[in-house]
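Q: Listed below, chain by chain, are the residues.
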Amino acid sequence: MKLSRRETLLLGAGAAVAAVLPLPTYADAVADAVAAFTGGADVADGGVTVDAPEIAENGNTVPISVSSDGAESIMVLATGNPTPAVATFTFGELAASQSGSIRIRLAQTQDVMAIAKMPDGTFQKASATVKVTIGGCGG
Amino acid sequence: MISRRDFLQVGMAASAVLGASGFGNWARLSAQQSLTQDQLLEFDTFGNVSLIHVTDIHAQLKPIYFREPSVNLGVGPNKGEVPHVTGADFRKLYGIADGSPSHYALSSGDFSSLAQAYGKVGGMDRVATVINAIRAARPDALLLDGGDTWHGSYTCLKTEGQDMVNVMNALKPDAMTFHWEFTLGSERVSELVESLPFAALGQNIFDAEWDEPAELFPPYKFFERGGVKIAVIGQAFPYMPIANPGWMFPEYAFGIRDEHMQEMVDEVRAQGAELVVCLSHNGFDVDKRMASVVSGIDVILTGHTHDALPEPVLVGDTILIASGSNGKFVSRVDLDVRDGKMMGFRHKLIPIFADVIEPDAEISALIDEQRAPFQSELSEVIGQTDTLLYRRGNFNGTWDDLICDALLSEREADIAMSPGVRWGPSLIPGDDITREDIFNVTSMTYGKAYRSEMTGEFIKVILEDVADNIFNPDPYYQQGGDMVRIGGMGYQVDVNKPAGDRISNMTLLKTGAPIDASKSYVVAGWASVNEGTEGPQIWDVVESHIKKLGTVTVADHDNVKVVVE
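Keeping their order, the protein sequence lines are chains A and B. The first sequence begins at 1 in this note's numbering and counts up one residue at a time. The second sequence begins at 1 in this note's numbering and counts up one residue at a time.
Don't read these hints as lab results, they were simulated from the structure. Take the hints with a grain of salt, since some may be wrong.
[To be verified] With a cut-off of at most 25 angstroms between alpha-carbon atoms, the simulated SDA-like pairs for lysine to any residue come out as follows: (1) 79/B <-> 129/A; (2) 229/B <-> 316/B; (3) 460/B <-> 108/A; (4) 448/B <-> 58/A; (5) 448/B <-> 57/A; (6) 497/B <-> 27/A; (7) 460/B <-> 82/A; (8) 460/B <-> 57/A; (9) 497/B <-> 127/A; (10) 497/B <-> 81/A; (11) 497/B <-> 108/A; (12) 172/B <-> 358/B; (13) 497/B <-> 129/A; (14) 460/B <-> 81/A; (15) 221/B <-> 188/B; (16) 497/B <-> 79/A; (17) 460/B <-> 129/A; (18) 229/B <-> 196/B; (19) 460/B <-> 60/A; (20) 497/B <-> 128/A; (21) 460/B <-> 58/A; (22) 221/B <-> 210/B; (23) 497/B <-> 111/A; (24) 460/B <-> 111/A; (25) 547/B <-> 434/B.
[Unchecked claim] If we take Cβ atoms under 7 angstroms as the criterion, some of the chain A residues that face chain B in the derived model are: (26) 30; (27) 52; (28) 54; (29) 57; (30) 60; (31) 62; (32) 63.
[Unchecked claim] Only part of the chain A face toward chain B is listed, based on derived beta-carbon distances under 10 angstroms: (33) 56; (34) 109; (35) 111.
The C-beta atom is built at its ideal place from N, Cα and C for all residues, glycine as well.
Taking the hints into account, I'd like the entire structure generated from these sequences.
A: Right, here's the structure in full:
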């Protein structure tokens, strides 16, 4: 297990830190997770709402809400986490709304992406940038 | 060493200008003699509603000096836009004559000389006189306080905000929103808020556990004034648990929550609001963006970033008012509201020249009553200054340099860090430095000065992180503070580069050697947001340093190279 940026930052200005590891992007892992969900189909932009804070108050528990009218299921991806796939919400035919809320851990500043699978087999997506920061200097 | 070419000389303004004028005409000013209270208050009452706005008072009950910034860089869409215009450029933009009262009140440049001519600013007893004069013309004017009121002085720290609550209550505000108040701890905040005879508003103050609006802070309040149904919606500082210690108020979550703001605007409009006023502590650029995202707000009374603008800024149909800080200004906004619509406005940013505006006797007595138990501690002279001491600006001011010097010397450190807060009044050359003055630039509930080892790489992580909180091109990702102040180390910052690439050429000043990413350095700092920070209080560190110096002379440090292209 690698020391994440957020953990590093939480050690904060008052503590000594041995190392800050360079953070790779997890592009391959994201692509794999998307492909597993969509089966390689095209994903259109829009039609999904991702509600997330602009700056996380606590990177260990970031409240995220997603919704997409009429979706069969919605997958949530933390594109900057070592394991990007966070959750998939599946909605039955009698679901009154197609929305879900979850708290997730974000290792660093990144985009949170939601991909919705529609009943006609098409896919649509949206994302929101969540900043994970050390803070401490707001004046 | 860092070269001076192609960058702003951040430290330049630090040099004392006692007796030397850049313009040559200030000495001929009749200065205060030409200014009268009537002139400052002159206003043709307009329309049917008046708003009075004060914000970011930072517990400054008495008159002070306050130098406006000379470096206030805008990025992205706000590059070169107000309030990111300073000094001579600011005066040119607004047609302000060099050496004029407006020059002194609103912009940097020639500050020490003009301060001697025009004197101190602010003082809540003077503010009271202005409020009373506006109420004489419009008895039902709304008085709105944008927050950062219960923080920033010796007496405020010792009374846990009670001195400010007592004085503000006497001014009879109608509503308030919050930021530094929360650093008193949630228990004390609850106690004070429950005692307030006016509304404590914050549509973005949520219960952290349930992510629901917090009961103690209603989102809005209705007022009926001049036959107009007015809704005032509060917007607290969005990044409280990030910029300040979240462990002091774990029950609360914040955020901008502009979608919830839109819901609130729609809700009050549906209930018949003819005028929607947002009392905000977002910071100017965040408010500007919020005004472009949320529709239906007529007036945003901005706060947090301490900007003072002599004219409203229009974003769509919304007007943004910036009323400065530290009791230096009061904004009066008169509005003509007819048929459920804002048809017009008239605005004046009233500078509180302390020697020109007569103090209100009742409030003067009340202020002195708050200070009386602490008078001997407050007035003790610790040293003198030969240099203009100020803080405001994106990078180190001279107060910060002095504080960093104190940390380096008293705590035997290689590198010092001081928070980039925007509060803290100024002192002019020749002034005594009293204990009150030191508390005015340091007082807080988490002021312990830590001393620890950090690697060069971690120091860079900190600088990059804070730089992105100021220079992220999207204002929603900014926190509204300034850059962390550094002592003992030089660096270059390219403000327009992406996060992680802005900081370079980090140099340890005492050896001139580049900072080694893997090497450990002794770092002394204060205002850590981490729980359990240990060390002496920063005001004791600074007091001890100044006592040893006797007379303070802060050299031009020139340790930050700022690249803006």
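Q: Next step is simple, just say for each hint if it's right about the structure.
A: We went through each hint and held it up to the structure:
Of the supplied pair hints, the one linking residue 79/B and residue 129/A holds, its CA atoms being roughly 22 angstroms apart against a limit of 25 angstroms. Distance restraint check for residue 229/B and residue 316/B: the Cα-Cα separation of roughly 22 angstroms lies within the 25 angstroms cut-off, and the hinted pair is therefore satisfied. A hinted pair counts as satisfied when its Cα atoms are at most 25 angstroms apart, and residue 460/B with residue 108/A qualifies at roughly 16 angstroms. Straight-line distance between C-alpha atoms of residue 448/B and residue 58/A comes to about 23 angstroms, which keeps the hinted pair within the 25 angstroms bound.
Distance check on the hinted pair: residue 448/B and residue 57/A sit about 23 angstroms apart at the alpha-carbon level, within 25 angstroms; holds. At roughly 22 angstroms between alpha-carbon atoms, residue 497/B and residue 27/A fall within 25 angstroms of each other, so this suggested pair holds. Between the alpha carbons of residue 460/B and residue 82/A the distance comes to roughly 23 angstroms, so the proposed pair stays at or under 25 angstroms and holds. For the hint linking residue 460/B to residue 57/A, the alpha-carbon distance of about 22 angstroms falls within 25 angstroms, and the restraint holds.
For the proposed pair residue 497/B and residue 127/A, the alpha carbon gap of about 23 angstroms is at most 25 angstroms, so the pair holds. At most 25 angstroms may separate the alpha-carbon atoms for a hinted pair to count; residue 497/B and residue 81/A meet this at roughly 24 angstroms. Distance hint between residue 497/B and residue 108/A is fulfilled; the C-alpha atoms sit about 19 angstroms from each other, no more than 25 angstroms. This hinted pair checks out: residue 172/B and residue 358/B have alpha carbons roughly 19 angstroms apart, not beyond 25 angstroms.
In summary, the hint linking residue 497/B to residue 129/A is supported, as the alpha carbons are separated by about 18 angstroms, within the 25 angstroms threshold. With a CA separation close to 22 angstroms, the supplied pair residue 460/B and residue 81/A stays within the 25 angstroms bound. The straight-line distance between the Cα atoms of residue 221/B and residue 188/B is roughly 23 angstroms, inside the 25 angstroms bound, and the hint therefore holds. Pair hint residue 497/B plus residue 79/A holds up; C-alpha atoms about 22 angstroms apart against a cutoff of 25 angstroms.
Between residue 460/B and residue 129/A the alpha-carbon distance is near 23 angstroms, which keeps this suggested pair within the 25 angstroms criterion. Proposed proximity of residue 229/B and residue 196/B is supported: the alpha carbons are some 23 angstroms apart, at most 25 angstroms. Distance hint between residue 460/B and residue 60/A is fulfilled; the C-alpha atoms sit about 23 angstroms from each other, no more than 25 angstroms. Between residue 497/B and residue 128/A the alpha-carbon distance is near 21 angstroms, which keeps this suggested pair within the 25 angstroms criterion.
Distance hint between residue 460/B and residue 58/A is fulfilled; the C-alpha atoms sit about 21 angstroms from each other, no more than 25 angstroms. Distance check on the hinted pair: residue 221/B and residue 210/B sit about 23 angstroms apart at the alpha-carbon level, within 25 angstroms; holds. The suggested pairing of residue 497/B with residue 111/A holds, with an alpha-carbon distance near 19 angstroms, which does not exceed 25 angstroms. With a C-alpha separation of about 23 angstroms, the suggested pair residue 460/B and residue 111/A falls inside the 25 angstroms cut-off, and the hint holds.
Simply put, residue 547/B and residue 434/B have alpha-carbon atoms about 11 angstroms apart, close enough for the 25 angstroms limit, and the pair holds. Here the hint on residue 30/A is broken, as its CB sits about 20 angstroms from the closest CB of chain B, past 7 angstroms. With 7 angstroms as the threshold, the beta carbon of residue 52/A stays out of range of chain B, its nearest partner Cβ sitting at about 9 angstroms, so the hint is violated. For residue 54/A, the shortest C-beta to C-beta distance to chain B is roughly 5 angstroms, which falls under 7 angstroms, so the interface hint holds.
Because the closest C-beta pair between residue 57/A and chain B is about 4 angstroms apart, less than 7 angstroms, the hint holds. Annotation: interface hint on residue 60/A violated; nearest CB of chain B at approximately 12 angstroms, more than 7 angstroms. Proximity of residue 62/A to chain B is violated relative to the hint, the smallest CB-CB distance being about 11 angstroms (cut-off 7 angstroms). The interface hint given for residue 63/A is met, as the beta carbon of that residue sits about 6 angstroms from the closest beta carbon of chain B, less than 7 angstroms.
Proximity of residue 56/A to chain B holds as hinted, the smallest CB-CB distance being about 8 angstroms (cut-off 10 angstroms). Among the interface hints, the one on residue 109/A holds; its C-beta lies about 7 angstroms from the nearest C-beta in chain B, closer than the 10 angstroms criterion. At about 13 angstroms, the closest approach between the beta carbon of residue 111/A and any beta carbon in chain B exceeds 10 angstroms, and the interface hint on this residue is violated.
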